[in-house]
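> Protein chains in written order, with my numbering: chain A, 37 to 171; chain B, 37 to 171; chain C, 37 to 171; chain D, 37 to 171.
If you are wondering where the hints come from, they were derived from the structure by calculation, not from laboratory data. Do not take every clue at face value.
It does not matter which identical chain is used: a pair holds within one copy or between any two.
With a Cα cut of at most 27 Å, we get these calculated DSS-like pairs of lysine-lysine [what the hints assert, rightly or not]: (1) Lys-156 to Lys-104; (2) Lys-104 to Lys-154; (3) Lys-42 to Lys-156; (4) Lys-117 to Lys-154.
Protein chains: 4
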Amino acid sequence: MIFTKKQLVRFEHCDAAGIVFYPRYYAMLNSLVEDWFRESLNFPFETMHNTSGIPTVDIKTQFKSPAKMGQVLTKSLWVEKLGGSSCTYGYSFKVDERIVLQGEGTVVFVSISGNEIKPKDWGDLRDKMEVYFKK
Amino acid sequence: MIFTKKQLVRFEHCDAAGIVFYPRYYAMLNSLVEDWFRESLNFPFETMHNTSGIPTVDIKTQFKSPAKMGQVLTKSLWVEKLGGSSCTYGYSFKVDERIVLQGEGTVVFVSISGNEIKPKDWGDLRDKMEVYFKK
Amino acid sequence: MIFTKKQLVRFEHCDAAGIVFYPRYYAMLNSLVEDWFRESLNFPFETMHNTSGIPTVDIKTQFKSPAKMGQVLTKSLWVEKLGGSSCTYGYSFKVDERIVLQGEGTVVFVSISGNEIKPKDWGDLRDKMEVYFKK
Amino acid sequence: MIFTKKQLVRFEHCDAAGIVFYPRYYAMLNSLVEDWFRESLNFPFETMHNTSGIPTVDIKTQFKSPAKMGQVLTKSLWVEKLGGSSCTYGYSFKVDERIVLQGEGTVVFVSISGNEIKPKDWGDLRDKMEVYFKK
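The shape of chain A in the complex, shown without the other chains (with noise of 0.2 Å):
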């Protein structure tokens, strides 16, 4: 299965020539795995954040064509590995069927006290992932 939600570009996305400015599709990329860990996962990050957390140790990202003011992006989300504690999944960005943008990422997930962060077992959270394998 692969995750999808839509998001319109808007006016605040886009730069001085009126595409998105890249900074801002990390902003929509960290929507989407919160909107995955909230609706498919059951677990929000308002949540999460109590104890826990998933920094990110990792991301690549191939641009592949502009977004423009408007447009809407289908934001795609899959998992490509699966760790004991870490996660690395795959997105795209598209426009229609033209990629706007493609790469992987990986999280970890920890516990945090104070000041002492511990990489902790998905424990509950694996099955949900793994429905999420790309075939």
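Based on the hints, put chains B, C and D in the right spot on chain A.
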């Protein structure tokens, strides 16, 4: 009539206290105005910004209570004054019935030609805007 | 005395018209208040936010003229009213002698303990703040 | 040579855990590239963007450790590969000697004329860029 949109408070909106960082509210407000022009006035920003614009000349906001990650804001907008080329709108953001913020903003409709910026009449837009006067 | 900082208008601040997108001004204004607390009041935000905060309760802004990429804003802040636990400050952003925007904001000093937020007295900060009353 | 700039981690950069929210790093990185073009290559973005641009086509980042509010990032940039109209740069952000993140980005120099975007030769910029090859 009142123009209303919902918006989820996301991780990216929140500060170190887990509540919305107030400058983020202005991007949310700009989205509300943008959606109003797109959906109700039939004049999307990507069309407008070739030759025109609606620069904001005045904003007042009272922040009444905090909004937290995971809460859903109901954003409302209505017209308070309509001049030849200006529009003062009222707005409020609520979580359920609780007011998070409220205020008033004024935009001016302008034509843009190179470096020349001139106020211009609302024209056909006026009739559509008048529907949103709060009685 | 007036607290003053300079800030370059960057690519990231600008919209499709190549001028500052107004919500970005509020992040710049927040930086100005943050710098005032850090540099003049000797109370940096990272110290404050363990147990206290200064939520903004009111802001008014008049936007007078646009600022363009590459221009340098001179941001000024001064005290207008000082209550037991509140502070109303005036501010202006200029490019050379031209006013870009001006306004007034009010913050309240609060203690934060779990979910309990209470106004608290400025204490030692008051003397340092009074220096910035505009005569 | 290595191009280096310092940047304070501010309230606006931080998330609910009081550490930099990773999408904010990309705005900081864009500022670093912007400063390099302005200060070292003598080609500020506000001049460039009338007729040209340097869209980012590829970015890789490894996030090594968190940065907290009030810490000062030392941002470094150097050239790794220089093509006819492309440039791959390496970058790192550190707090003192500790690496916060490191990675590699590629931009392409293009001319923009209406909707037509074409790669163009670095021309005079090449000599200035070559100075920043890391030996």
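> Are the hints correct? Go through all of them and say.
Each hint tested on the structure:
{"no.": "1", "hint": "Lys-156 to Lys-104", "verdict": "between (40 Å within a copy, 22 Å between copies)"}
{"no.": "2", "hint": "Lys-104 to Lys-154", "verdict": "between (41 Å within a copy, 18 Å between copies)"}
{"no.": "3", "hint": "Lys-42 to Lys-156", "verdict": "neither (31 Å within a copy, 34 Å between copies)"}
{"no.": "4", "hint": "Lys-117 to Lys-154", "verdict": "within (20 Å within a copy, 37 Å between copies)"}
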